[in-house]
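*Asks:* Spelled out, the chains give:
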Amino acid sequence: MQSEGYVAHHFPNLAQQEHAARLGMWLFLTTEILLFTGLFTAYAVYRFLFPEAFAEASHLLSAPLGTVNTVVLITSSLTVALAYHFARHGAGRTAGLLLLATLAFAAAFLVIKGFEWTHDIHEGLLPGRYFIYPEFHAVGGPMFFTLYFLMTGLHGIHVVIGMAVLAVIAVQCFRGAYDHGYTTPVELGGMYWHLVDLVWIFLYPLLYLI
Amino acid sequence: MSQSLASTPPPPGELVPAYNTRNYLNAESGILSWLLTRDHKRIGIMYLVATTVSFFLGGVFAMLIRIELLTPGPTIMSAMTYNRMFTLHGVVMIFLFMIPAIPGAFGNFFIPIMVGAKDVAFPKLNLLSFYLYLLGAAIALYGMIHGGADTGWTFYTPYSTTTVTKVVPILLGAFVLGFSSILTGLNFIVTAHTLRAPGLTWMRMPLFVWSIYATSIIQILATPVLGITLLLVAVEHAFGFGVFDPARGGDPILFQHLFWFYSHPAVYIMVLPGMAVISEVIQTAARQTIFGYRAVAFSSLGIAFVGFFTWGHHLFTSGQSTLDAGIFGVLSMFVGIFTAIKVFNWTATLYKGAVKFTTPFAYVCGFLFFLVFGGLTGIALATVSLDVHWQDTYFIVAHFHFIMVGGTIMAWLAGLHYWWPKLFGRTYSDAWGLVSATFIILGFNATFIPQFLLGNYGMPRRYYSYPERFWALNVASTAGASLLAFGFLIILVYLLISLKHGRLSGPNPWNSRGYEWETLSPPPVENFLENPVFRRAPHDYTADGSGGASGDGPEVKHAV
Amino acid sequence: MNEIMRRMLFLPEQGSAYAAEVDKLHYFVITITMISAFGVAAAALLLFIRYRRKSDTQTTERVEPRAVHEILFIGVPLGFFLLWFAIGFPLFVKLHTPPKDAMDVYVQGKKWMWKFAYPGGPNGVDVLRVPAGRPVRLLITSRDVIHSFFVPDFRLKQDAVPGRYSETWFTALAPGRHQVFCAEYCGIGHSAMLAEIISMDPAEYDTWIAETRRNPTTVAAQDTPEDRLDPRTSLPEQGRRLSAEYGCFKCHTVDGTRHIGPTWLDLYRKTEKLKDGKTVLADEAYLTESMMDPAAKLVAGYQNVMPTFQGRIPAPEIAAIVEFIKSLRTDTVRPEPSKGPVYVPVPGFDPTSAR
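Chains as they are written, first to last, in my numbering: chain L, 391 to 600; chain E, 21 to 580; chain P, 14 to 368.
Okay, chain L solo, but in the shape it has when bound (with noise of 0.2 Å):
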């Protein structure tokens, strides 16, 4: 193990330096969680006003779509963690390989959202004052898809945010900077990932199923 010449100046050792690095990231991902928290607030509280129109507007998603995209989501999750698991056995190739994979499954992810909003789009299931589709007058309406598209909207930056991150990570896969025992970003980036998967099994059912 060469991992000495990882440890910044001002850690004392490996250990202590990766221990803060996984506490920084768990207080990050507190961050991001409370980001969401605001937009579901937001849903709690309107879903609360207009319970039909909320029923009826969720309706009008593709729940097949959604639901291939949450198998899509949970599969990419499992990449990452397994390219976690042998970039810690030295196996950097094979862990490139599986971000890729992971990189490949968030791309099909954003092109079956791409699918759907340009439908939702060409239906006039629009946020707010845009909305146009001509068999719905609950008032609750407009404000599931103004929801809806913030919320999808935001995961979406999150995912593409993610996949920056898994990318720069593979690259450095493939140049064998992670085979001598100095994982901590496949870690990390492994983490984030998590968090942009958790926060969509929290969409999935409040916006396409109840």
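Just to be clear, a hint being listed does not mean it is correct.
[Said to hold, decoys possible] Simulated crosslink set (SDA-like; lysine to any residue; CA at most 25 Å straight-line):
(1) K113(P) to I17(P)
(2) K186(E) to R216(E)
(3) K124(P) to I85(E)
(4) K186(E) to E48(E)
(5) K144(E) to V397(L)
(6) K67(P) to D564(E)
(7) K144(E) to P402(L)
Calculated from the structure, these hints are not laboratory results.
Put chains E and P on the given structure of chain L with help from the hints.
*Replies:* Relative to chain L, chains E and P alone:
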């Protein structure tokens, strides 16, 4: 137990230099060495400069507001300009000055030193958060130059979503500043957890670190909610999605709940660092360990916790149910208790101490008075039936200026004067310090006590013109504000002079037993010449080293 | 004592029945606040004088608190805080519970004026006349942004929020004039959004309102043309017109016959039996809720077929419809529509120059 030292004492016979010539300031030179530095001390100094510039900018807005209010009608500006002025005053003072001032400057500089580390846990992230601060400030400044917003810093919907002014850049600026604040807080928490030097148990951690730690918790938990809320307002203003628009089924009160869920804890983000500074200064000034270390340390966490459950007291008159008002009212009473604990413990610290009246101590006295007065008027406001009259009047304005200016800025000045020799290795004239402290404390009272009375009298806040019966008190307030401004200018002058011509201070001009005074002034790049080991609690002024702050010293004497 | 304290603290006159009670708590709280603030500062200075530093390296004896100190530090302030709350909260409840016999006035904030409407007419802008000694309930809303109805003399403040009604009440003690401010920032005209409450001798007030209703005259309302609420007609009358426009009469009758929905006759303050077995009092809140969210409390024996009107009817129009329903009482209902526009200029008061 050895007499103490955090770092290894200099070998006998070798003199401690009056000025450490190989310090963080001159370790590298050139502008790039500052802009790309990862040294927490340099980042702290850059925060100090940036927040001070913001403070003077916000101060100029404040003076313009006060001049406009000299007469009941229009004085020097139009109503639109006035509305922008008070918005910008609020935004600049809160987001660019109050929130980052103490954590950004003193927190960055002293937390690693106080825990005996060479740097914060994530130095690159630290630099990033400084640049996010600059970016947020730049976006907000862009908005200000291109018209500014006229919504008040509270951005209440639906006014903020329908106004024609440039509210979006200000909102985005505040959003970015929020991220800067989150990253700083994250860094401090991880630093306190992972980089404490050997011997530094949690119960020996300096109270400054405890208090900033509590602040950081609030920053991490509350700021993201503000971020998303401000983004929603920006989106709503730009596209009209209707999230807070009653005409589309939206609820404007939801905004107030989300906003105050952050912004009430944000009050503690602003005042807890002030309390952090006071805890350090008062122990040095009194040469006495804090009275009740655990009480003071844990009350910071108490404030951080209970502060999250009181936001509803900003909505007593907005049509909230009486039950909600009652719950939020009673919870607000409890948050006041933690502050009371601190105040009593600080005051009791002077008992059987050896007190010296210096400039920092003058600000501590001012702080105690203002914090108690401002804090109790806060409790008075949470007494629901009284709030009905005071809500949105000058009473509120005076109350939070007592906490913010009278509390946090007094503490900031106390910290600035207390740590100045450590920052730059030179001292200022204590006489001038006391002169300006007198101006500031008197000017502050003269500015804001009339505003309490104006609030009682019924003058609502954010008024451009007012009935003539409010005239005299407004003139008194403006007169006080000019004293205050004059006091700040004196400080600026003598501190700048001291940078070049000040007497060399030596490592410990106050004879303090705080950890940060163990190292040289200005500190070397890695803070201590050797890795420190803490063998005693901070601020142990007993003759025999028995004054362990947490009571873990050999023997503990009880008060009568 | 009350008078000295009131003047010292620059409090305005106590114009409402509860103002003196609010002020008493105010004096108590502020006195304790001042004593504590000066007390702590004085303690700090006295301790400084007693324990001045003698030498720069002077050591001190460690003083560690006993439990009793911390209990006192917590207990004494907490005792005061809870005492204040115990006095203040019941008072707040009182401030928010209008007496049953209160007369209603609808208040609408709008950039930048206050509009007042009595259920039986007339309507006015920026001047509200009330009888002294009788409780008045204000039902407050806003047309655009959030405003706040603030009467310092009455120690009364209530936000005017668009899309919802909030209520508050007062009893003016004696005839006199009281300034109304807008306390929630609302733009360029915020500080000019003033109004006045004129409390009159009850007998004079009765004469005035009867006169006003008898002699129909136009009032120069400072209003935009798209304002569908014509200030010259009484609220119930507007409500009748609006109900017809929104198609309420397709399902609801006003003569007591059962149709798709319950009749509106005598509906106000009737106790309705709900589908889930509970009962509900058909007050303003319930009537408004049923328009916004008809399914929430469905009356037993009726189908859930009514569409929601949330967001489709502006708040002032809801008020008009509610007032119309309230006016439908067996003993007052008349076959012919009630009389048209009613308003007289008050002697010496020109609503266009009320400021």
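*Asks:* Please list, smallest to largest, the hint numbers that this structure does not respect.
*Replies:* 1, 2, 4
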